[in-house]
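Trainee: Let the hints inform the model, and build the full structure from the sequences given.
Residue numbers (our numbering): 1 to 140.
A hint or two may mislead.
[Claimed, not checked] When the alpha-carbon atoms are kept at most 20 angstroms apart in a straight line, the in silico SDA-like pairs for lysine to any residue are as follows: (1) 40 x 51; (2) 65 x 77; (3) 23 x 34; (4) 78 x 67; (5) 59 x 47; (6) 40 x 30; (7) 86 x 74; (8) 96 x 80; (9) 59 x 69; (10) 102 x 90; (11) 91 x 101; (12) 118 x 107; (13) 96 x 108; (14) 24 x 35; (15) 24 x 12; (16) 91 x 103; (17) 54 x 65; (18) 54 x 64; (19) 24 x 40; (20) 91 x 74; (21) 116 x 128; (22) 116 x 105; (23) 46 x 35; (24) 24 x 13; (25) 126 x 110; (26) 78 x 90; (27) 59 x 71; (28) 65 x 55; (29) 118 x 108; (30) 23 x 11; (31) 126 x 137.
[To be verified] Label-pair ranges, simulated between beta-carbon atoms: (32) 98 x 125: 32 to 42 angstroms; (33) 56 x 76: 29 to 39 angstroms; (34) 94 x 130: 33 to 43 angstroms; (35) 62 x 94: 29 to 39 angstroms.
Hints listed in this document are in silico derivations from the structure and should not be mistaken for laboratory results.
Owing to the predicted nature of the structure, the values given are computational and were not obtained by experimental measurement.
All C-beta atoms, glycine included, are put in the ideal place defined by N, C-alpha and C.
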Amino acid sequence: MLYIDYTLAIQIVQFLVIIFIGKKMILDPVMGTVNSRDSKIEGMKKEAEDLKAKVEQYKADYSEKMAQMRVELADYHKKIKDDASKEAAAKVAAVKADVDAKILSARSEIHAEAAKAKAEMDSMVKEISDLIADRIMLSA
Numbered sequence: 001m002l003y004i005d006y007t008l009a010i011q012i013v014q015f016l017v018i019i020f021i022g023k024k025m026i027l028d029p030v031m032g033t034v035n036s037r038d039s040k041i042e043g044m045k046k047e048a049e050d051l052k053a054k055v056e057q058y059k060a061d062y063s064e065k066m067a068q069m070r071v072e073l074a075d076y077h078k079k080i081k082d083d084a085s086k087e088a089a090a091k092v093a094a095v096k097a098d099v100d101a102k103i104l105s106a107r108s109e110i111h112a113e114a115a116k117a118k119a120e121m122d123s124m125v126k127e128i129s130d131l132i133a134d135r136i137m138l139s140a
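Mentor: Next comes the structure, spelled out in structure tokens:
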């Protein structure tokens, strides 16, 4: 059989006092630390997500700028190539004009020399023919 007397009341009071003291000395500080850590972890997660979003934005900006730089570089390369082609064509045209002028000068000089040589040959032929005619006349 169960006896209920004043010791049961004392035991209940002791149990409640131990629970109250245990809660104040152990459970509340531990729960405070756990809650503090949880809030710090949540804050760090939020900060990590913000940093990840910034990194993604920086990556997108970088990719966009690199694409833009590639386009600008291709345009610049094309412009330089076109300028070099124009300059080369101008130099080739100048050299061709110079060569044509030298060829024309050389041809006119050759024609002058040929005319001079023909004139000299004509005079030499006349002299030789006169000499041949004189010799033929002297021998006859």
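Trainee: Taking the hints in turn, state whether each one holds.
Mentor: Hints and how they fare:
1. Restraint check: the Cα-Cα separation between residue 40 and residue 51 comes to about 16 angstroms, which is no more than 20 angstroms; the hinted pair holds.
2. Taking the CA atoms of residue 65 and residue 77, the gap is near 18 angstroms; set against the 20 angstroms cutoff, the hint holds.
3. Our distance criterion of 20 angstroms between C-alpha atoms is met by residue 23 and residue 34, whose separation comes to about 15 angstroms.
4. Between the alpha carbons of residue 78 and residue 67 the distance comes to roughly 16 angstroms, so the proposed pair stays at or under 20 angstroms and holds.
5. The hinted pair formed by residue 59 and residue 47 meets the criterion: a straight-line CA distance of about 18 angstroms does not exceed 20 angstroms.
6. For the given pair, residue 40 sits about 15 angstroms from residue 30 by alpha-carbon distance, which is consistent with the 20 angstroms threshold.
7. Between residue 86 and residue 74 the CA atoms are separated by roughly 18 angstroms; this keeps the pair inside 20 angstroms, and the hint holds.
8. In summary, the hint linking residue 96 to residue 80 is not supported, as the alpha carbons are separated by about 24 angstroms, beyond the 20 angstroms threshold.
9. In summary, the hint linking residue 59 to residue 69 is supported, as the alpha carbons are separated by about 15 angstroms, within the 20 angstroms threshold.
10. Taking the CA atoms of residue 102 and residue 90, the gap is near 18 angstroms; set against the 20 angstroms cutoff, the hint holds.
11. Under the criterion of a C-alpha separation no larger than 20 angstroms, the hint pairing residue 91 with residue 101 is consistent with the structure, at around 15 angstroms.
12. Distance check on the hinted pair: residue 118 and residue 107 sit about 16 angstroms apart at the alpha-carbon level, within 20 angstroms; holds.
13. The straight-line distance between the Cα atoms of residue 96 and residue 108 is roughly 18 angstroms, inside the 20 angstroms bound, and the hint therefore holds.
14. For the proposed pair residue 24 and residue 35, the alpha carbon gap of about 16 angstroms is at most 20 angstroms, so the pair holds.
15. Restraint check for residue 24 and residue 12: satisfied, since their Cα atoms lie roughly 18 angstroms apart, inside the 20 angstroms limit.
16. The suggested pairing of residue 91 with residue 103 holds, with an alpha-carbon distance near 18 angstroms, which does not exceed 20 angstroms.
17. With a C-alpha separation of about 16 angstroms, the suggested pairing of residue 54 with residue 65 holds against the 20 angstroms cut-off.
18. As the CA atoms of residue 54 and residue 64 are separated by approximately 15 angstroms, the hinted pair is consistent with the 20 angstroms bound.
19. Note on residue 24 and residue 40: the hinted pairing is violated, with a Cα-Cα distance of about 23 angstroms set against a maximum of 20 angstroms.
20. Only pairs whose Cα atoms come within 20 angstroms are accepted, and residue 91 paired with residue 74 is rejected, the gap being roughly 25 angstroms.
21. The hinted pair formed by residue 116 and residue 128 meets the criterion: a straight-line CA distance of about 18 angstroms does not exceed 20 angstroms.
22. Using a Cα cut-off of 20 angstroms, the hinted pair residue 116 and residue 105 holds, with the two alpha carbons roughly 16 angstroms apart.
23. Distance restraint check for residue 46 and residue 35: the Cα-Cα separation of roughly 16 angstroms lies within the 20 angstroms cut-off, and the hinted pair is therefore satisfied.
24. Among the hinted pairs, residue 24 with residue 13 is consistent with the structure: their alpha-carbon atoms are about 16 angstroms apart, no more than 20 angstroms.
25. Between residue 126 and residue 110 the alpha-carbon distance is near 24 angstroms, which puts this suggested pair outside the 20 angstroms criterion.
26. Restraint check for residue 78 and residue 90: satisfied, since their Cα atoms lie roughly 18 angstroms apart, inside the 20 angstroms limit.
27. A threshold of 20 angstroms between alpha carbons decides the hint, and for residue 59 with residue 71 the separation of about 18 angstroms falls inside it, so the pair holds.
28. Note on residue 65 and residue 55: the hinted pairing holds, with a Cα-Cα distance of about 15 angstroms set against a maximum of 20 angstroms.
29. Restraint check for residue 118 and residue 108: the C-alpha separation of about 15 angstroms stays at or below 20 angstroms, so the hint holds.
30. In summary, the hint linking residue 23 to residue 11 is supported, as the alpha carbons are separated by about 18 angstroms, within the 20 angstroms threshold.
31. Restraint check for residue 126 and residue 137: the C-alpha separation of about 16 angstroms stays at or below 20 angstroms, so the hint holds.
32. The hinted range of 32 to 42 angstroms is satisfied by residue 98 and residue 125, whose Cβ atoms lie roughly 39 angstroms apart.
33. Separated by about 30 angstroms at the C-beta atoms, residue 56 and residue 76 satisfy the suggested range of 29 to 39 angstroms.
34. Remark: the range hint 33 to 43 angstroms for residue 94 to residue 130 is contradicted by a beta-carbon distance near 53 angstroms.
35. Distance hint check: the CB atoms of residue 62 and residue 94 are about 47 angstroms apart, inconsistent with the given range 29 to 39 angstroms.
In summary, the numbered hints that this structure violates are 8, 19, 20, 25, 34 and 35.
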